Amino acid sequence: MLKKRLIAVLIVNNGQVVQSIKFNHTNAIHYDAVHAIECFNKWAIDEIVILNVARTPESRDQFADTVLHISEKCFVPLTAGGWITEDGYADTLLRCGADKLILNTAFADDSALVRRLSDRFGRQCIVGSMDVMQCEDGRTTVRVGRGKVDTGMDPVKWACSMVENGTGEIFLNSIDHDGARKGYNLPVLSMICHAVNVPVIAFGGVFTWDHLVEGLNAGAQAVAAANIFHYTEHSTRKAKRHLAAAEIPIRRE
Amino acid sequence: MTIKVGIIDYGMGNLRSVSNAVREISAEPGLVSDPEKLSDFDRLILPGVGAFPDAVTQLRKTGMDQALEEQVKSGKLILGLCLGMQLMCRGSEEGGYSKGLCWFDADVARFPEKLNLKVPHVGWNNLLPTKHHPLFRDLPDEPDVYFTHSFRVECNHQEDVLAWCDYGEPFAAIIGRNNIFGMQFHPEKSQRAGLTLLHNFIGEDICLKSA
Chain A
1 MLKKRLIAVL IVNNGQVVQS IKFNHTNAIH YDAVHAIECF NKWAIDEIVI LNVARTPESR
61 DQFADTVLHI SEKCFVPLTA GGWITEDGYA DTLLRCGADK LILNTAFADD SALVRRLSDR
121 FGRQCIVGSM DVMQCEDGRT TVRVGRGKVD TGMDPVKWAC SMVENGTGEI FLNSIDHDGA
181 RKGYNLPVLS MICHAVNVPV IAFGGVFTWD HLVEGLNAGA QAVAAANIFH YTEHSTRKAK
241 RHLAAAEIPI RRE
Chain B
1 MTIKVGIIDY GMGNLRSVSN AVREISAEPG LVSDPEKLSD FDRLILPGVG AFPDAVTQLR
61 KTGMDQALEE QVKSGKLILG LCLGMQLMCR GSEEGGYSKG LCWFDADVAR FPEKLNLKVP
121 HVGWNNLLPT KHHPLFRDLP DEPDVYFTHS FRVECNHQED VLAWCDYGEP FAAIIGRNNI
181 FGMQFHPEKS QRAGLTLLHN FIGEDICLKS A
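Here the protein sequences line up with chains A and B, keeping their order.
This note's numbering applies: residue 1 is where the first sequence begins, and numbers increase by one.
This note's numbering applies: residue 1 is where the second sequence begins, and numbers increase by one.
Chain A on its own, in the form it takes in the complex:
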């Protein structure tokens, strides 16, 4: 039986793992991303996503170097992204040990790039990340460019177009839930899970282990969190115990 996945997200800014609150990245959590990975590896995490949130594309080389180092000790799938705007850099990240590429703004700026990468490496290698946010008029729309640019697009339509462009999984983040401790954006998550035939990963807003259960019950195949995992010893084991108690099928070591 296919298990539900628990994913740890490392938000990296200039080589440091940072905390994310509504897409502001200020507090450094671990000095060193490699140390964080070693902990997660021991603690039965199912997958790791590492995101470069630096403000400038000059951060690419340093980020690739971080990926290279953590991949040496990462024996679960490693998804990397941030500033993938050309084929060559996608190659670089894969060569550095990433197993999957996560792309976001490229779906708005250069969907041909996404299709090319999907054709070359296969759909299973492409994770389409999308950020949603509630507007002042109450509508929830998709934002790109690190949350700064409102596309005005409906999340479900956006998700479907990402699948058409070759994404193998959808990574859904909600900007107003990010770091807000109120759980995932369940209505949008549920709509997208019903609309697409690829796995959906929920992200953004986890503060209790019950939030993970809510995400899975809303239809997500995987639940991801960042900040919560950094503050507790053996946090991912505790999370898994909670999921198992809620009778969710998960991998136990």
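By construction, these hints were calculated from the structure, which means they are not laboratory data.
Values in this document were obtained by computation on a predicted structure and should not be read as measured data.
There could be a bad hint or two in this list.
[To be verified] Derived EDC-like pairs (lysine to aspartate or glutamate); straight-line CA-CA distance at most 20 Å:
(1) A/LYS3 x B/ASP141
(2) A/LYS4 x B/ASP138
(3) B/LYS118 x A/GLU164
[Claimed, not checked] Computed list of chain B residues with no C-beta within reach of chain A, every gap over 12 Å:
(4) SER26
(5) GLY63
(6) CYS82
(7) ARG90
(8) ASN126
(9) LYS131
(10) ARG192
All C-beta atoms in this analysis are idealised placements derived from N, C-alpha and C, irrespective of residue type, glycine included.
Starting from the known structure of chain A, fit chain B onto it as the hints suggest.
Just chain B now, with coordinates in the frame of chain A:
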């Protein structure tokens, strides 16, 4: 003596993950893109991430297909991972139809629409071994391993299947015949269970006796 594991580099796939895992189990990984160098290694791994047609084209263009064929005949242990396992089959319907290396009497097909599944099949799923085999030494009965694939291998000889996995219906997760093996999942990314499988492939004499 350290066992040397040649990882076939034909421009497809995440070679670093495989070599990191090989190093972790105390064997010596080496990337090999020159077909004439295959004989320098004790074991060979054919990795693969990407599309079947491109991969076959690359293998043919570099003469790697012929060189691998010779290694198979010489009895060397060869392991195909994910797309690498699929390449060992007769052919795949991915992107039209392309002929494979034809080492297994098997075909590669997409998960059928009628099963109404999310495709790709992504995540941790448990193996269902069909027999006692040295590959499964030191593993739990049904270990979870990491899959990510849209196509699956359909064997014409059920005895080639060493382990099934269930996704909508059973499909071949590990195949083996004589000195050639294929794993549809990624042992290099399946934490302890995956490293144990790789260790069993690399460290033991696991050759199947011909029927």
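| Keeping to a limit of 20 Å between CA atoms, is the pair of B/LYS118 and A/GLU164 held or broken? | Judged against 20 Å, a Cα distance of about 14 Å means the pair holds.
| field | Beyond 12 Å from each Cβ of chain A, as asserted for B/ARG90 | value | holds (20 Å)
| message | At 12 Å, judged by beta carbons, does B/LYS131 keep clear of chain A as stated? | response | holds (21 Å)
| task | Compare the distance between the alpha carbons of A/LYS4 and B/ASP138 with 20 Å, and conclude whether the hinted pair is satisfied. | result | Since the Cα atoms of A/LYS4 and B/ASP138 sit roughly 25 Å apart, the hinted pair is violated (cutoff 20 Å).
| request: Test the statement that B/SER26 is away from the interface with chain A: the closest C-beta pair must be farther apart than 12 Å. | output: holds (14 Å)
| task | Assess, step by step, whether the Cα of A/LYS3 is no farther than 20 Å from the Cα of B/ASP141, and give holds or violated. | result | Satisfied, since the Cα-Cα distance of roughly 16 Å is no more than 20 Å.
| request: Could you check that no beta carbon of chain A comes within 12 Å of the beta carbon of B/GLY63? | output: holds (22 Å)
| query | Holds or violated: is the Cβ of B/CYS82 farther than 12 Å from all Cβ atoms of chain A? | reply | violated (9 Å)
| Least C-beta distance from B/ARG192 to chain A larger than 12 Å | violated (7 Å)
| field | Status of the stated non-contact between B/ASN126 and chain A (beta carbon gap over 12 Å) | value | Check fails; 7 Å does not lie beyond 12 Å.
Comparing the model with each numbered hint stated earlier shows that hints 2, 6, 8, 10 do not hold.
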